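With the hints as your guide, set chain B onto chain A.
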Amino acid sequence: MKTVMEVKGLAKTFTLHQQHGVVLNVLQGLDFSVLAGECLILHGRSGAGKSTLLRTLYGNYLPAAGSIRVLHQDQMIEMLGAEPRQILELRRTTLGYVSQFLRVIPRVSCLDVVMEPARARGMDLNTARQRAEELLLRLGIPERLWNLAPGTFSGGEQQRVNIARSFMVHWPVLLLDEPTASLDDANRKVVIELIEEARRAGSGLIAISHDAETRNAIADRYLDMTPKELSHAD
Amino acid sequence: MNPLLSVRDLTLLYGPEKGCQGVSFDLYPGEVLGIVGESGSGKSTLLSVLSGRNMPDTGQVTYHCPQTGSIDLYRASEAQRRNLLRTQWGFVEQNPRDGLRMNVSAGANIGERLMAQGVRHYGQLRQAGLQWLKQVEIDPARIDDLPRTFSGGMQQRLQIARNLVSSPKLMFMDEPTGGLDVSVQAHLLDLLRGLVRELQLAVIIVTHDLAVARLLADRLMVMRRSRVVEAGLTDQILDDPQHAYSQLLVSSVLQP
Numbered sequence: 001m002k003t004v005m006e007v008k009g010l011a012k013t014f015t016l017h018q019q020h021g022v023v024l025n026v027l028q029g030l031d032f033s034v035l036a037g038e039c040l041i042l043h044g045r046s047g048a049g050k051s052t053l054l055r056t057l058y059g060n061y062l063p064a065a066g067s068i069r070v071l072h073q074d075q076m077i078e079m080l081g082a083e084p085r086q087i088l089e090l091r092r093t094t095l096g097y098v099s100q101f102l103r104v105i106p107r108v109s110c111l112d113v114v115m116e117p118a119r120a121r122g123m124d125l126n127t128a129r130q131r132a133e134e135l136l137l138r139l140g141i142p143e144r145l146w147n148l149a150p151g152t153f154s155g156g157e158q159q160r161v162n163i164a165r166s167f168m169v170h171w172p173v174l175l176l177d178e179p180t181a182s183l184d185d186a187n188r189k190v191v192i193e194l195i196e197e198a199r200r201a202g203s204g205l206i207a208i209s210h211d212a213e214t215r216n217a218i219a220d221r222y223l224d225m226t227p228k229e230l231s232h233a234d
Numbered sequence: 001m002n003p004l005l006s007v008r009d010l011t012l013l014y015g016p017e018k019g020c021q022g023v024s025f026d027l028y029p030g031e032v033l034g035i036v037g038e039s040g041s042g043k044s045t046l047l048s049v050l051s052g053r054n055m056p057d058t059g060q061v062t063y064h065c066p067q068t069g070s071i072d073l074y075r076a077s078e079a080q081r082r083n084l085l086r087t088q089w090g091f092v093e094q095n096p097r098d099g100l101r102m103n104v105s106a107g108a109n110i111g112e113r114l115m116a117q118g119v120r121h122y123g124q125l126r127q128a129g130l131q132w133l134k135q136v137e138i139d140p141a142r143i144d145d146l147p148r149t150f151s152g153g154m155q156q157r158l159q160i161a162r163n164l165v166s167s168p169k170l171m172f173m174d175e176p177t178g179g180l181d182v183s184v185q186a187h188l189l190d191l192l193r194g195l196v197r198e199l200q201l202a203v204i205i206v207t208h209d210l211a212v213a214r215l216l217a218d219r220l221m222v223m224r225r226s227r228v229v230e231a232g233l234t235d236q237i238l239d240d241p242q243h244a245y246s247q248l249l250v251s252s253v254l255q256p
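These protein sequences, in sequence, are chains A and B.
Counting in our numbering, the first sequence runs from 1 upward without gaps.
Counting in our numbering, the second sequence runs from 1 upward without gaps.
One chain only, chain A, in its complex shape:
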């Protein structure tokens, strides 16, 4: 199996200029890699920097040092120092990120929100709509909500809309931050199924999950993130 993401010597610090310039060293000297079709679970207690790591891998946080290389169209691309448009291109076709939270945009309907990643890759409207409807049904979002903007949906509904959106397309590398947090059993099973399907399709997964059932179902390997000395609590 080929390596889809390779991380070397990764460090992340936060300098809080508004709070007397306090420097927090959250991540230091991280090395790991992920193969296609493999699921790596980030392991460590709250404050160990798991979410910070996922955000850094997505380019949302700026690393202090090291290297993050991603397999993008048969080439390993270095994310550190890449131009914004290169990161956006990675995010369009290669690098996916699932969180618990949906970023709601006024006036955009639930179906359009879910279809967007596929439309951004040029999938035609009918195919995209079919796939979106299938996902929304599996995740128990009733049809009467599909044409409404998700701004007024409940927290759980928004979370499931976000998950449907994330699984619209195939991601060679998929980052998952607590995808099943606060879901009921039935919906959690669906999400675990979706993750399994993605993995069988060859996605390399990096996930955080505090829920043992999800973890046991999807984990291939664990990355221990317990800090040698705890220098920061999130």
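These are calculated hints, taken from the structure and not from any lab test.
Incorrect hints may appear among the rest.
Stated by the list, open to error - Quick list of in silico lysine to any residue cross-link-like pairs, SDA-like style, CA-CA up to 20 Å:
hint	chain 1	residue 1	chain 2	residue 2
1	B	K134	B	D57
2	B	K134	B	G123
3	A	K2	A	M123
4	B	K134	B	D190
5	B	K134	A	V108
6	B	K134	A	R107
Remember, it's a predicted structure, so these values are computed and weren't measured experimentally.
Same frame as chain A, now just chain B:
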């Protein structure tokens, strides 16, 4: 891919730290660049220099025209610059009254750029007017009405239509949602988001509203006292700002 616009060391100062200085960047086709910062930081000055409305003290802007090759903006003739601004470029003013002709109809406002390009056929102009009104979600039946009779949000949408009719490659926008109330803002932003994607427009947008920046911009430049203090991917700048001033800017806002 080649950049659409190359900006090198651009400076126009009205006084110490008033205006903009040392600004360099490349903008690519279809890319949306947001310029953020407090009032008086030089955002609008930068925009007026970039769009050729003001000449800089020093610096260079090159527009790489897909059809006619590269144009050195400040060495081009006045006529060339004017031609660029009303065909391949667009400028959306904060106050629609500055960007519209208030004493001619909505249809005539939309048709003006086409007429400047030599379209004389009344039916074609009328057709373009109707089509663009629809595209910016204004009732086409209003085509013969004066912009004065439109609401603020409609005027702003008309101004956008008036610019887009010539199929520009690059749009400058100065606080396009500035004077509008929140529901109208959301409508306009949604429309802009759609148009930018659909038409593969490159946009340079000045805003002090970080929520607008997050929604529309691919990347941001943060300005303070005439200088760019930080630049990068929009969500990275908003979620993990590095510069002390960017951190202050982001933390001062209620939930961007």
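For each hint, the structure was consulted:
no. : hint              : verdict
1   : B:K134 <-> B:D57  : violated (42 Å)
2   : B:K134 <-> B:G123 : holds (17 Å)
3   : A:K2 <-> A:M123   : violated (27 Å)
4   : B:K134 <-> B:D190 : holds (15 Å)
5   : B:K134 <-> A:V108 : holds (19 Å)
6   : B:K134 <-> A:R107 : holds (18 Å)
Of the numbered hints listed earlier, those contradicted by the structure are 1 and 3.
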